[in-house]
Amino acid sequence: MKLVVAIIKPFKLEDVRTALGAVGVEGLTVSEVKGYGRQKGQTEVYRGAEYAVSYVPKVKLEVAVDDALADRVVEAIRDTANTGRIGDGKIFVFDVEHAVRIRTGETGTDAL
Amino acid sequence: MKLVVAIIKPFKLEDVRTALGAVGVEGLTVSEVKGYGRQKGQTEVYRGAEYAVSYVPKVKLEVAVDDALADRVVEAIRDTANTGRIGDGKIFVFDVEHAVRIRTGETGTDAL
Amino acid sequence: MKLVVAIIKPFKLEDVRTALGAVGVEGLTVSEVKGYGRQKGQTEVYRGAEYAVSYVPKVKLEVAVDDALADRVVEAIRDTANTGRIGDGKIFVFDVEHAVRIRTGETGTDAL
Amino acid sequence: MVQMGRGACLRAAAGAMALLLPADAMAQAAPAATLNGANTAWVLTATALVLFMTLPGLALFYGGLVRAKNVLSVLMHCFAIACLASVLWLAVAYSLAFGQGGSMNAWIGGLGKAFLAGVGTASLTTGDIPEDVFFMFQMTFAIITPALIVGAYPERMRFAPVLLISGLWLLLVYAPVCHWVWGGGWLAGMGVLDFAGGLVVHATAGVSAIVIAKLLGSRQGFPNELRPPHSPSMTMIGAAMLWVGWYGFNAGSALAANGNAGMAMIVTHTSAAAASLTWMTIEWIKFGKPSLIGIVTGMVAGLATITPASGFVGPAGGLVYGVVAGAACYWAVSYVKHSLKIDDSLDVFAVHGVGGILGILMVSAFADPSLGGLGLAKDMTMGKQFGVQLVGTVATVAWSVVVTFIIVKAVNAVVPLRATGEAETDGLDLSEHGERGYNY
Amino acid sequence: MVQMGRGACLRAAAGAMALLLPADAMAQAAPAATLNGANTAWVLTATALVLFMTLPGLALFYGGLVRAKNVLSVLMHCFAIACLASVLWLAVAYSLAFGQGGSMNAWIGGLGKAFLAGVGTASLTTGDIPEDVFFMFQMTFAIITPALIVGAYPERMRFAPVLLISGLWLLLVYAPVCHWVWGGGWLAGMGVLDFAGGLVVHATAGVSAIVIAKLLGSRQGFPNELRPPHSPSMTMIGAAMLWVGWYGFNAGSALAANGNAGMAMIVTHTSAAAASLTWMTIEWIKFGKPSLIGIVTGMVAGLATITPASGFVGPAGGLVYGVVAGAACYWAVSYVKHSLKIDDSLDVFAVHGVGGILGILMVSAFADPSLGGLGLAKDMTMGKQFGVQLVGTVATVAWSVVVTFIIVKAVNAVVPLRATGEAETDGLDLSEHGERGYNY
Amino acid sequence: MVQMGRGACLRAAAGAMALLLPADAMAQAAPAATLNGANTAWVLTATALVLFMTLPGLALFYGGLVRAKNVLSVLMHCFAIACLASVLWLAVAYSLAFGQGGSMNAWIGGLGKAFLAGVGTASLTTGDIPEDVFFMFQMTFAIITPALIVGAYPERMRFAPVLLISGLWLLLVYAPVCHWVWGGGWLAGMGVLDFAGGLVVHATAGVSAIVIAKLLGSRQGFPNELRPPHSPSMTMIGAAMLWVGWYGFNAGSALAANGNAGMAMIVTHTSAAAASLTWMTIEWIKFGKPSLIGIVTGMVAGLATITPASGFVGPAGGLVYGVVAGAACYWAVSYVKHSLKIDDSLDVFAVHGVGGILGILMVSAFADPSLGGLGLAKDMTMGKQFGVQLVGTVATVAWSVVVTFIIVKAVNAVVPLRATGEAETDGLDLSEHGERGYNY
Ligand SMILES: Nc1ncnc2c1ncn2[C@@H]1O[C@H](COP(=O)(O)OP(=O)(O)O)[C@@H](O)[C@H]1O
Ligand SMILES: Nc1ncnc2c1ncn2[C@@H]1O[C@H](COP(=O)(O)OP(=O)(O)O)[C@@H](O)[C@H]1O
Ligand SMILES: Nc1ncnc2c1ncn2[C@@H]1O[C@H](COP(=O)(O)OP(=O)(O)O)[C@@H](O)[C@H]1O
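These protein sequence lines map, in sequence, to chains A, B, C, D, E and F.
Counting from 25, one number per residue, gives the positions in the first sequence under this note's numbering.
Counting from 25, one number per residue, gives the positions in the second sequence under this note's numbering.
Counting from 25, one number per residue, gives the positions in the third sequence under this note's numbering.
Counting from 5, one number per residue, gives the positions in the fourth sequence under this note's numbering.
Counting from 5, one number per residue, gives the positions in the fifth sequence under this note's numbering.
Counting from 5, one number per residue, gives the positions in the sixth sequence under this note's numbering.
Next comes chain A alone, as it looks inside the complex (with noise of 0.2 Å):
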């Protein structure tokens, strides 16, 4: 089993969970954080001084997947949260060892 993590634009979102649910995605997990990187963090001005944000908000996801479907969950992200511009993040793709529904106790690919 595969964990998909993609870093994405936060008002891509949506769009992004949407295109996932198409290709058969039915659990995933978001988490807000802030990325550092080539897209420079807007400025901010405070009583005559302006100073740089170097952060920029951004939105982590993680989807534990079949191998079989890594692919195609990798492409269907890059696709929907591509805006061609920089910022628009990174996925990373990490092997799992072993997963467990809590709930059930089902393991594998089942507990997904």
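Simulated from the structure, these hints should not be mistaken for lab results.
In silico EDC-like pairs for lysine to aspartate or glutamate, Cα to Cα no more than 20 Å straight-line: (1) C:K84 <-> B:E121; (2) B:K58 <-> E:E426; (3) C:K84 <-> B:E50; (4) C:K84 <-> C:D95; (5) C:K84 <-> A:E86; (6) A:K84 <-> C:E50; (7) F:K345 <-> F:E229; (8) B:K58 <-> A:E86; (9) E:K293 <-> C:E74; (10) A:K64 <-> D:E426; (11) B:K84 <-> C:E56; (12) B:K58 <-> A:E50; (13) B:K64 <-> A:E86; (14) B:K64 <-> D:E229; (15) C:K58 <-> B:D39; (16) F:K293 <-> A:E74; (17) E:K293 <-> F:E428; (18) B:K84 <-> A:E50.
Sample of chain B residues lacking proximity to chain E, with all beta carbon distances greater than 12 Å (derived): (19) G45; (20) D95; (21) E99.
Partner residues are not named here, just some residues of chain A that face chain D (Cβ under 8 Å, in silico): (22) F35; (23) Q66; (24) T67; (25) E68; (26) V69.
Fair warning: this is a prediction, and the values are worked out from it, not measured in the lab.
No residue lacks a Cβ here, since even glycine has one placed at the ideal position from N, Cα and C.
Given the structure of chain A, go ahead and fit chains B, C, D, E and F with the ligands onto it with the hints provided.
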């Protein structure tokens, strides 16, 4: 070394932590996440319009443990976080290649 | 490719980021977490009753880097985040199977 | 005859002034009038209460309803409009509203009182309070009225047009209508009843709001992907301040510390309470969950609706006003959003427009002693009064629609109203003001 | 003889009315009384201040103390109770409290003033202010008293019983006790001293709170897994508003703009300051860390305690009241939580109950000129006055306990009070009101 | 001659008292003076408004500007200082400021009115209001002035020295300067014009703030790693409350409900609005993004600057004051931060010090009728008045600098002022008060 990641219901956090203490876990890291899955969010009403909230607040637990302990940790979480109702969450286990305690520079299991 | 994950004290974030920049890291992702470990939280008082707060605010840093750079990144974090006092935190390294830059579709090290 | 509140006082004063004297001789020319310190104390207090309604009351009420990324922009709109309206009020708007317009006086006051020319600390007017106190009290109304309209265009309008539209609107919509009704203009002459601003404040703002919302277009994702208010507590704090401040708005409009002010306070309070409970009950029946946002929206509806009637109706009238306001505005919110599909984002028209007009029309019945009221204007019957109220409403609505339409089109030709899509996504706090609401 | 504040005024007025006239002829029948505009202006202002104490003051004070998932429910409780109490006050409660009860007048007023029957804008009462203004001022007390009790049951009581209990409580506990003390009832007849509501407001609410908390049961995890207040800033904002509003509560209860009001304001303020510093000092000594929640809790204790005495004691008395209030209520909080193990969640009894009763009893000493007071009631000695105060306390406590017990049992038979465990875990905001406090 | 506000009233009263009578016979000894209820009602109201400025106004204004981990400590500073100042005011400070100092009276009042000795509810002073009301009104000034200084040292000063410094400062800086200017001291004798506290409040606080900031040292990371205000909305709420409360501060200083109070309100309001728009415009031009923090900072500058002049200048003067205040304080903020490199963290000197002094000096011109003012003091020319104002400024600044310096050094010798580096990193909320601001 393994990293056990669990997505659980927030109100189960204390029980789980206690249970993990009992099996010998001394440290862990917690973050707030929003989950999307079978369990649907509550409905909110705003000036006469009702709409569904897709995300449910969850807590994500990350525990790095010695390989030998991993199964007991998974079990402990599964048993304590379980309420038998949908939305109880998932446990994922990953392989950790390397671990360092920042304070001392210790590595491997000593870092925990 | 590796993902270096570090749990550090919040006030060390800027130093660490600068140090990572020096070793060639150009992007990273940050999130707020709460840590439980040897370091105990401060005590809070509420209308005459004192109680311990178990969790300590920490910052989690995630940096994906080329295999070759991983060790230098770990070192840089260890050296800068270190204060010599308990609660300095941990570094974990994971293997990344696959990485994609959403904007361009580049993969592997090019995605960073 | 019933004591007629500000309208009557001002008409009388204006009439006297027109006949007798240049403005700067005013104090001497009304020998009978001596300062009533008690009334002055109450109107000074009421002035503070009404300023409090806008800053921070209304700002918070609105600020809590938008998304977190736009909260500061909404507070900024209210604050900057308050400042701008204050300066304009001093410069010309007070004079346009309450000055002598000479041959044009039916339509507009003149510029004779621009920058308070001729008004000293000893000038009395409108009964027995100093004119400078009256000027301040009225200023707070001129502040809140354009600020009410903020609710029509948050989360997407750029800041420069917010200021331009608000400033022009104050001069071209508010000042004239205020003159018609309270400054001795043609509606005052007809005997229209508008105690504290059903036409002058709520109808003008509500109607103009929906015009602006329509011309500006909806927010991204309206109406399906609406997000809930980011901070219902902030909205509730603002609402509570509005309620408290409204005591100054309505009971202060008696311009006296007496039983009339007391009764105005009672009916104001009663209408607010009844409308809140009505809205709450509707939600409870419909969704099983009465909401905080719901109950406070009902409150505003009840207060807006009773405003024009607050000096004329009795306690039972206040109760009826509240129930009608809660139900009618509840319905209007859905109608505008789902049938008209206009993104009047914070429901300014549905609450203030509908409420204000309803209140104006209903007053012809509920001011009548037969319905517990304190009496209609002299020589009026319910029917005749209703006719007058209707004329006032039609005129106010028509003027507001037409002039607001022209203002919006004109401003848009100079500065595009609408923020770019990206600015809207990022939120106006960062894109227009370089700040974030929450740095926790 | 000392000027006796509201109690005395009302007794006089009520007495006159009983002897002389039907209610609707009242204004004419008291020919000596003419409107005092200054006093009216101050009472109108005080009315706004006291409303401000509940909305948003008390709501925020309480809202900040609960967990984030219940903040809206607490605001909702305060807001909805305010609306409900207002309507009930107009309908019957004012009449029960301040009307003429005929042969039952020692115990309860009649229904003669229901819906303000016979009270016009020209009616004067209680000295020289319009009765409608007095009605409004009193309404704000009737609003805050049941709202105080909200602190006993947050985070676990369902919304329907909150409303039912509050409404019944207003009619069956507040109105009668108010009549006994301020409406010309039996305690007034005995010469009980309660300037602004030690018995009527704080004792009734505090005692009823602990009864409800006991019957309802504790929150999950009480007392070991308590969570700290989710927003001490919100609590502090509310506390500050309470302090400001309390000027209206206590100094407004002089029903006049004079040196008595000034002195009431001084002792009120002094007691608040001294109690705050006392609580702060205790925490500092005990924990090394004086907390914001602590200092503002001390403030409320100081204010509640001085309330009954605020028209009778001098500045030094105010200081002593504050120190005693801070220390006693600090102790009471722990006692209720850890010894009685009752989850009176926001310490209504420990602060308002203990404070109010303490203030009532101490007044017999500190009103005496020998202790800097302004004087006891006519023909009273310290000892005799203490006896009267004690009778008043026992009667109020007993009535509050018994009637609240019955109300709670009765309501629970109709609608279960307690939210389900799951609703409690999710928080009442979502489960009862379908909203979330913070959508950042 | 222009009506001179509080200063004049008090000088007269103080003079009369000195000549004629022991304090406790005062009421009888001024037979002409009878209670003016209307003025009393307004000053009671103004007292509530000024308390509201500190609690919660100023506390929120400052609390929003610091980082989230220090928000509670700032609220705590303001609250505890308010309590401490209140007790000290009653104990001795009022007497030092407004009592009779006998042979030392040019410099300081005596202790004759300590604990309000001899002041009963019937004592009248300062014209026609009760002295206890005047005492309360003045107390709210004594509360806010040391609280203003909190802005100099947040995020790094320990709590014990905050209290020690504030208490000593009230007695040694505020009370004497207040006596010089308003209590019949030497500056009053020279005819200095300071209507509501340019010298007494803003100059003393502003100058002392920068002294403390300099001695205490900067926050970690100043000035490069400054963090933006954690909650601009909280700051805006506080600012709005300051604006509303300032009506009481300035218009209340007329000590009467009349046209003078009205005009004071107008110029206060106008200056606030104009300064806000000025600051906004500067930011807009310079950065393209007018900020909420900016506009409200401009507002405070406008209000501080007009304060000493608010009873003397006309509406046009108010406008000029606002524009000058906005521009000068904007410049001063940068100057202190970037040129002087002093971490007067929330810009107390740049806004209050600069504003207050500017206002004091400009009044010699703008009070003149030729510039629309209400008139200078008797026998004064612009030049002569300017000389007096300058003397007042120099004396106030010098005294504030020297005495504050001594206080800080003395306190630091007893308790180290500065929190440890770790406490500063963790935030003062946890390290000093054991609480966290946001537990969401
Ligand atoms: N090496 C990295 N490791 C982890 N996260 C990264 C890394 N580089 C970038 N990110 C994340 O991806 C986001 C987007 O990266 P950025 O360089 O701004 O643009 P782009 O995605 O177009 O390359 C960053 O805000 C950060 O959250
Ligand atoms: N495929 C997935 N990848 C990552 N997280 C998931 C996935 N599916 C579910 N989750 C997480 O687990 C939580 C519980 O899942 P849900 O389907 O609601 O119930 P259950 O755990 O009973 O199957 C979700 O809220 C989400 O946070
Ligand atoms: N086994 C673990 N798994 C995951 N995170 C851990 C673990 N142990 C500690 N941590 C994280 O590291 C932080 C620091 O650990 P702690 O035991 O307090 O001190 P130290 O880093 O000096 O050993 C904790 O607050 C927690 O966030």
